[in-house]
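The listed protein sequences correspond, in order, to chains A and B.
As numbered in the working numbering, residues 1 to 118 make up the first sequence, in order.
As numbered in the working numbering, residues 1001 to 1114 make up the second sequence, in order.
If you are wondering where the hints come from, they were derived from the structure by calculation, not from laboratory data.
Be aware that one or more of the hints could be misleading.
Unchecked claim - Per label pair, the in silico range of CB-to-CB distance:
#, chain 1, residue 1, chain 2, residue 2, range
1, A, T86, B, T1111, 19 to 27 Å
2, A, G14, B, D1067, 47 to 55 Å
3, B, T1040, A, N53, 30 to 38 Å
4, A, T116, B, T1026, 28 to 36 Å
5, B, W1113, A, E79, 43 to 51 Å
6, B, T1026, A, T77, 47 to 55 Å
For each residue, glycine too, the CB sits at the ideal point set by N, CA and C.
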Amino acid sequence: EADIYQTPRYLVIGTGKKITLECSQTMGHDKMYWYQQDPGMELHLIHYSYGVNSTEKGDLSSESTVSRIRTEHFPLTLESARPSHTSQYLCASSAQQGADRSGANVLTFGAGSRLTVL
Amino acid sequence: KNQVEQSPQSLIILEGKNCTLQCNYTVSPFSNLRWYKQDTGRGPVSLTIMTFSENTKSNGRYTATLDADTKQSSLHITASQLSDSASYICVVSDRGSTLGRLYFGRGTQLTVWP
Chain A
1 EADIYQTPRY LVIGTGKKIT LECSQTMGHD KMYWYQQDPG MELHLIHYSY
51 GVNSTEKGDL SSESTVSRIR TEHFPLTLES ARPSHTSQYL CASSAQQGAD
101 RSGANVLTFG AGSRLTVL
Chain B
1001 KNQVEQSPQS LIILEGKNCT LQCNYTVSPF SNLRWYKQDT GRGPVSLTIM
1051 TFSENTKSNG RYTATLDADT KQSSLHITAS QLSDSASYIC VVSDRGSTLG
1101 RLYFGRGTQL TVWP
């Protein structure tokens, strides 16, 4: 059972609302990620973090922001939600890469947060 | 352009039958390839991970193969069960950075019928 938790699992909100998707992991992993996934499409990296106070934008441009104040916590915030933000958001974490690259960067995913913006 | 292509897009089989899912990639330089299983409404779960020197790896009824020369991988499922119904995602990592950038396929949607 993965020790990475996302809340809420499902969220339906109106346009213009501010939302925060929570992600917490109890594995002590340094690296954390946010992916966006639409039906039948590949996962797209929107944010990642190497550790506390580190945040980087991913491959897919996103209007969301993230913070990493604590190792275990990596919330994602949308200041003003729009229908185009409707999607599944997946949080993941991985341990710091070791000397043996085999098995490096194996991601543990949360169950996801499905956001619908009306 | 680094890409990961999976086939078929979807597959329906009867319970107890075997099946093979394909993954072709153009990612270079190659670091490792992993297969994930994603149940509907859940996050992906890792099945196997293979590096350049590994040709095959098993995890229960799942067996993954890798041909690094032709840049192809397959995931073979033996004696399928209803619980195998899921999307199977091929992910390839490069060695271009410390983070090891990941390239995701779109997945093969497998449905197992009783």
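We went through each hint and held it up to the structure:
Checking the proposed 19 to 27 Å range against T86(A) and T1111(B) shows it holds: the Cβ atoms sit about 25 Å from each other. The hint said 47 to 55 Å for the Cβ distance between G14(A) and D1067(B), and at roughly 51 Å that hint holds. Taken as a hint, the range 30 to 38 Å holds for the pair T1040(B) and N53(A), whose Cβ atoms sit roughly 36 Å apart. Restraint check, T116(A) to T1026(B): a C-beta distance of roughly 35 Å satisfies the suggested window 28 to 36 Å.
Checked against the hint of 43 to 51 Å, the pair W1113(B) and E79(A) passes, with Cβ atoms roughly 45 Å apart. Between T1026(B) and T77(A) the beta carbons are some 35 Å apart, a value that contradicts the proposed interval 47 to 55 Å.
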